[in-house]
Amino acid sequence: MKTLLEMSGVSVSFDGFKAINNLSFRIGEPELRAIIGPNGAGKTTFMDIITGKTRPDEGTVIYGEKSISLLKMSESQIAMAGVGRKFQKPTVFEAQTVRENLAMALKNKRGPFDVLLYRKTRRGAERIEELAEIIGLTDALPRVAGELSHGQKQWLEIGMLLAQDPRLLLVDEPAAGMTPAEREHTTDLLKRAAEKHAVVVVEHDMEFIRRLDCRVTVLCEGSVLAEGSLDHVTSNPEVIEVYLGR
Amino acid sequence: MTRTFLTQNRSVFWFLLALGIFALIVTVLSEAAGNGMISTSFVKTLGKTLCLMLVAVAMDVVWGYTGILSLGHMAFFGLGGYMIGMWLMYARTEIIVTESLLAAAIPPTPQEIHDSIGTQIFGVVGSSEFPAVWIFAHSFWLQIAMVVLVPGLLALVFGWLAFRSRVTGVYLSILTQAMTLALSLYLFQNESGLRGNNGLSGLQNLPGLDDVPQATLSIAFFWASAVALGLGYVLFAWVTSGKFGSVIRGIRDNESRVRFLGYHVEGYKLFVFTLTGIVAGIAGALYYPQAGIINPNEIAPIASIYLAVWVAIGGRGRLYGAALGAAFVSLLSSWFTSGAVPSVPLGFYTIQWTDWWLVLLGVSFVAVTLLAPKGIGGLFDLVTTRHPVPERIGDFGPDKGARRTVEGEEEK
Numbered sequence: 341m342k343t344l345l346e347m348s349g350v351s352v353s354f355d356g357f358k359a360i361n362n363l364s365f366r367i368g369e370p371e372l373r374a375i376i377g378p379n380g381a382g383k384t385t386f387m388d389i390i391t392g393k394t395r396p397d398e399g400t401v402i403y404g405e406k407s408i409s410l411l412k413m414s415e416s417q418i419a420m421a422g423v424g425r426k427f428q429k430p431t432v433f434e435a436q437t438v439r440e441n442l443a444m445a446l447k448n449k450r451g452p453f454d455v456l457l458y459r460k461t462r463r464g465a466e467r468i469e470e471l472a473e474i475i476g477l478t479d480a481l482p483r484v485a486g487e488l489s490h491g492q493k494q495w496l497e498i499g500m501l502l503a504q505d506p507r508l509l510l511v512d513e514p515a516a517g518m519t520p521a522e523r524e525h526t527t528d529l530l531k532r533a534a535e536k537h538a539v540v541v542v543e544h545d546m547e548f549i550r551r552l553d554c555r556v557t558v559l560c561e562g563s564v565l566a567e568g569s570l571d572h573v574t575s576n577p578e579v580i581e582v583y584l585g586r
Numbered sequence: 014m015t016r017t018f019l020t021q022n023r024s025v026f027w028f029l030l031a032l033g034i035f036a037l038i039v040t041v042l043s044e045a046a047g048n049g050m051i052s053t054s055f056v057k058t059l060g061k062t063l064c065l066m067l068v069a070v071a072m073d074v075v076w077g078y079t080g081i082l083s084l085g086h087m088a089f090f091g092l093g094g095y096m097i098g099m100w101l102m103y104a105r106t107e108i109i110v111t112e113s114l115l116a117a118a119i120p121p122t123p124q125e126i127h128d129s130i131g132t133q134i135f136g137v138v139g140s141s142e143f144p145a146v147w148i149f150a151h152s153f154w155l156q157i158a159m160v161v162l163v164p165g166l167l168a169l170v171f172g173w174l175a176f177r178s179r180v181t182g183v184y185l186s187i188l189t190q191a192m193t194l195a196l197s198l199y200l201f202q203n204e205s206g207l208r209g210n211n212g213l214s215g216l217q218n219l220p221g222l223d224d225v226p227q228a229t230l231s232i233a234f235f236w237a238s239a240v241a242l243g244l245g246y247v248l249f250a251w252v253t254s255g256k257f258g259s260v261i262r263g264i265r266d267n268e269s270r271v272r273f274l275g276y277h278v279e280g281y282k283l284f285v286f287t288l289t290g291i292v293a294g295i296a297g298a299l300y301y302p303q304a305g306i307i308n309p310n311e312i313a314p315i316a317s318i319y320l321a322v323w324v325a326i327g328g329r330g331r332l333y334g335a336a337l338g339a340a341f342v343s344l345l346s347s348w349f350t351s352g353a354v355p356s357v358p359l360g361f362y363t364i365q366w367t368d369w370w371l372v373l374l375g376v377s378f379v380a381v382t383l384l385a386p387k388g389i390g391g392l393f394d395l396v397t398t399r400h401p402v403p404e405r406i407g408d409f410g411p412d413k414g415a416r417r418t419v420e421g422e423e424e425k
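Chain order of the listed sequences is A and B. The numbering of the first sequence is my numbering, which starts it at 341 and goes up by one. The numbering of the second sequence is my numbering, which starts it at 14 and goes up by one.
The following block holds chain A by itself, in its conformation from the complex:
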């Protein structure tokens, strides 16, 4: 397993509040990693830094074989380099159909002129059908995404994430608002994706994480408190105190 992403000594503060404090983190490819932590631990900021939304005050973020620094790249360049993100609140394009949402996410050239002259291909259409099948939205393809239920929107966003074919998947609370059966399906999907790629899952639900059966990183006050198997971290007295024992 080779390292895909390495963060070291990263700190961010917002108006004096240290959201991330000397955080170091490393994930290989393929690997599945769960991140837990109490509210305000910096989980979302952590993802914002990787995806280029937030610039850290100090530290480095190195990605890929060529060890490129993500800190110098724009959001779109980072996404094109293979970092995909699913947001905590499902953010799909509600005024557009499920098919259009998936087509936009599909791995293709992203320049304005490429897109303007883009022709629908059979391969693209097949890929969309395939993804729709995986996320269980085959019948909903022509529907407007705004009509979908909360759980279906979660699915659609997961579908959009898979459509980008990223190497590093950042998944923020994928199971929120899903039925138990859907949660199981999500677990399977993430585990399958992690067979080839690096997957980082932020989740509150312990049972969900137990099912993922992977290494767990506990964040607290912007830095790593513990790392290891779920049983290992949940038996750590510090972790129990800040997170589980409340």
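Some hints could be false.
Listing some non-contacts, in silico: residues in chain B with all C-beta distances to chain A over 12 Å [to be verified]:
| id | residue |
| --- | --- |
| 1 | T53 |
| 2 | E125 |
| 3 | A195 |
| 4 | V252 |
| 5 | H277 |
| 6 | F341 |
| 7 | P355 |
| 8 | Y362 |
| 9 | V376 |
Straight-line Cα separation of at most 20 Å, EDC-like style, residue types lysine to aspartate or glutamate; simulated pairs [what the hints assert, rightly or not]:
| id | chain 1 | residue 1 | chain 2 | residue 2 |
| --- | --- | --- | --- | --- |
| 10 | B | K387 | B | D266 |
| 11 | B | K256 | A | D505 |
| 12 | A | K531 | A | D505 |
| 13 | A | K412 | A | D397 |
| 14 | A | K531 | A | D571 |
| 15 | A | K429 | A | D571 |
| 16 | B | K387 | A | E434 |
| 17 | A | K429 | B | D266 |
| 18 | A | K536 | A | E561 |
| 19 | A | K412 | B | E279 |
| 20 | B | K256 | B | E268 |
| 21 | A | K429 | A | D512 |
| 22 | B | K256 | A | D454 |
| 23 | A | K449 | B | E268 |
| 24 | A | K393 | B | E112 |
| 25 | A | K429 | B | E268 |
| 26 | A | K342 | A | D505 |
| 27 | B | K256 | A | E466 |
| 28 | A | K460 | A | E470 |
| 29 | A | K449 | B | E279 |
| 30 | A | K447 | B | E268 |
| 31 | A | K342 | A | E405 |
| 32 | A | K393 | B | E279 |
| 33 | B | K256 | A | E469 |
| 34 | B | K256 | A | E434 |
| 35 | A | K393 | B | E268 |
| 36 | B | K256 | B | E279 |
| 37 | A | K429 | A | E487 |
Part of the chain B face toward chain A, derived, beta carbon under 7 Å [stated by the list, open to error]:
| id | residue |
| --- | --- |
| 38 | R179 |
| 39 | D266 |
| 40 | N267 |
Because the hints were derived from the structure by calculation, they are not lab data. Ideal Cβ placement from N, Cα and C applies to all residues, glycine included.
Given chain A's structure and the hints, the job is docking chain B onto it.
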């Protein structure tokens, strides 16, 4: 390809059909080619309206589709007008000057003709030197290229600076207002080289076509405007359909999400801003020869605000809505301000529509925004069964079956 494009975009077909029928009816009723029921001046008004419809369609792509409320697009429209106006004035003055100098005993040199044209054009601002911006004015084709290049370059540079710094929303609107205000104030100066507040005039007289009556010219310009509107409509329908349309509507609804999908949002905005700026310039180049005069007032900030009002009343996010809004409001505006509408005597006060029209426009703008956000274009949803944006009423939250944790509940 064309067939599938037209079948996928039914409104394009209907719009072109309606435009063609309208153009034919106007021609048949015109003084030049028909029974003369429509006066030449009204043909000109209709031709100008078609140009305004074109710039409104462009505005709809910027605002209604991409979500950039540009309040400066009439600057590009005006610049297009100035560019064509420079050639029209130069060429026409050249003919007049050459004729008058022919009477002289010694044949004039080209330099003398050139100087004499300068005296004629810039006499009103107390100058006779040709400013540097007139360097291409002698050549029709070079100046036609300027119609595209000057508004296009301004839009490109302004857009690049603004979008690169991620200026969005109301701040961008203010910035575009500042741009158009600065341009108009600059042009008001005599030193700007475009005849200050006099502007360029006599543009309705095409050089070398003095024998052709204005009735014929007006119908020719009317058709040119109709063709430009048709082409512009097809162009923008093509741009806004398909994947590009999908991306720009995505930018309108959630810019950062589009970024995280790997699209370079600023590039898309710049593309749309520049393309619509160019089309606005072309529309202006067709408008001002019909209007006959252009001065810096045409670029004043209010002009671009009117443009936004037309699009809002017509209905954002659909091209035919913007076109209809521009036609409806601008024709109504010229009717009300012409003094032809009878005043309303209230006993204690008489409503003069020339004064009260702006109030009426303002009230209808507010009313449309509050009561019918889809505008005039929304009326078409009543006759077509397909609703492009279905309204969803009720709970947007998780399904009933979805697992939800209650505050304070233990994780199981």
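Against the structure, the hints:
{"no.": "1", "hint": "T53", "in the structure": "holds (41 Å)"}
{"no.": "2", "hint": "E125", "in the structure": "holds (49 Å)"}
{"no.": "3", "hint": "A195", "in the structure": "holds (28 Å)"}
{"no.": "4", "hint": "V252", "in the structure": "violated (7 Å)"}
{"no.": "5", "hint": "H277", "in the structure": "violated (5 Å)"}
{"no.": "6", "hint": "F341", "in the structure": "holds (26 Å)"}
{"no.": "7", "hint": "P355", "in the structure": "holds (44 Å)"}
{"no.": "8", "hint": "Y362", "in the structure": "holds (46 Å)"}
{"no.": "9", "hint": "V376", "in the structure": "holds (29 Å)"}
{"no.": "10", "hint": "B:K387 / B:D266", "in the structure": "holds (16 Å)"}
{"no.": "11", "hint": "B:K256 / A:D505", "in the structure": "holds (19 Å)"}
{"no.": "12", "hint": "A:K531 / A:D505", "in the structure": "holds (15 Å)"}
{"no.": "13", "hint": "A:K412 / A:D397", "in the structure": "holds (13 Å)"}
{"no.": "14", "hint": "A:K531 / A:D571", "in the structure": "holds (19 Å)"}
{"no.": "15", "hint": "A:K429 / A:D571", "in the structure": "violated (29 Å)"}
{"no.": "16", "hint": "B:K387 / A:E434", "in the structure": "holds (17 Å)"}
{"no.": "17", "hint": "A:K429 / B:D266", "in the structure": "holds (15 Å)"}
{"no.": "18", "hint": "A:K536 / A:E561", "in the structure": "violated (31 Å)"}
{"no.": "19", "hint": "A:K412 / B:E279", "in the structure": "holds (17 Å)"}
{"no.": "20", "hint": "B:K256 / B:E268", "in the structure": "holds (16 Å)"}
{"no.": "21", "hint": "A:K429 / A:D512", "in the structure": "holds (8 Å)"}
{"no.": "22", "hint": "B:K256 / A:D454", "in the structure": "holds (10 Å)"}
{"no.": "23", "hint": "A:K449 / B:E268", "in the structure": "holds (18 Å)"}
{"no.": "24", "hint": "A:K393 / B:E112", "in the structure": "violated (68 Å)"}
{"no.": "25", "hint": "A:K429 / B:E268", "in the structure": "holds (15 Å)"}
{"no.": "26", "hint": "A:K342 / A:D505", "in the structure": "holds (19 Å)"}
{"no.": "27", "hint": "B:K256 / A:E466", "in the structure": "holds (17 Å)"}
{"no.": "28", "hint": "A:K460 / A:E470", "in the structure": "holds (16 Å)"}
{"no.": "29", "hint": "A:K449 / B:E279", "in the structure": "holds (16 Å)"}
{"no.": "30", "hint": "A:K447 / B:E268", "in the structure": "holds (19 Å)"}
{"no.": "31", "hint": "A:K342 / A:E405", "in the structure": "holds (9 Å)"}
{"no.": "32", "hint": "A:K393 / B:E279", "in the structure": "holds (15 Å)"}
{"no.": "33", "hint": "B:K256 / A:E469", "in the structure": "holds (17 Å)"}
{"no.": "34", "hint": "B:K256 / A:E434", "in the structure": "holds (16 Å)"}
{"no.": "35", "hint": "A:K393 / B:E268", "in the structure": "holds (12 Å)"}
{"no.": "36", "hint": "B:K256 / B:E279", "in the structure": "holds (17 Å)"}
{"no.": "37", "hint": "A:K429 / A:E487", "in the structure": "holds (16 Å)"}
{"no.": "38", "hint": "R179", "in the structure": "violated (10 Å)"}
{"no.": "39", "hint": "D266", "in the structure": "holds (6 Å)"}
{"no.": "40", "hint": "N267", "in the structure": "holds (6 Å)"}
Of the numbered hints given earlier, the model fails hints 4, 5, 15, 18, 24 and 38; all others are met.
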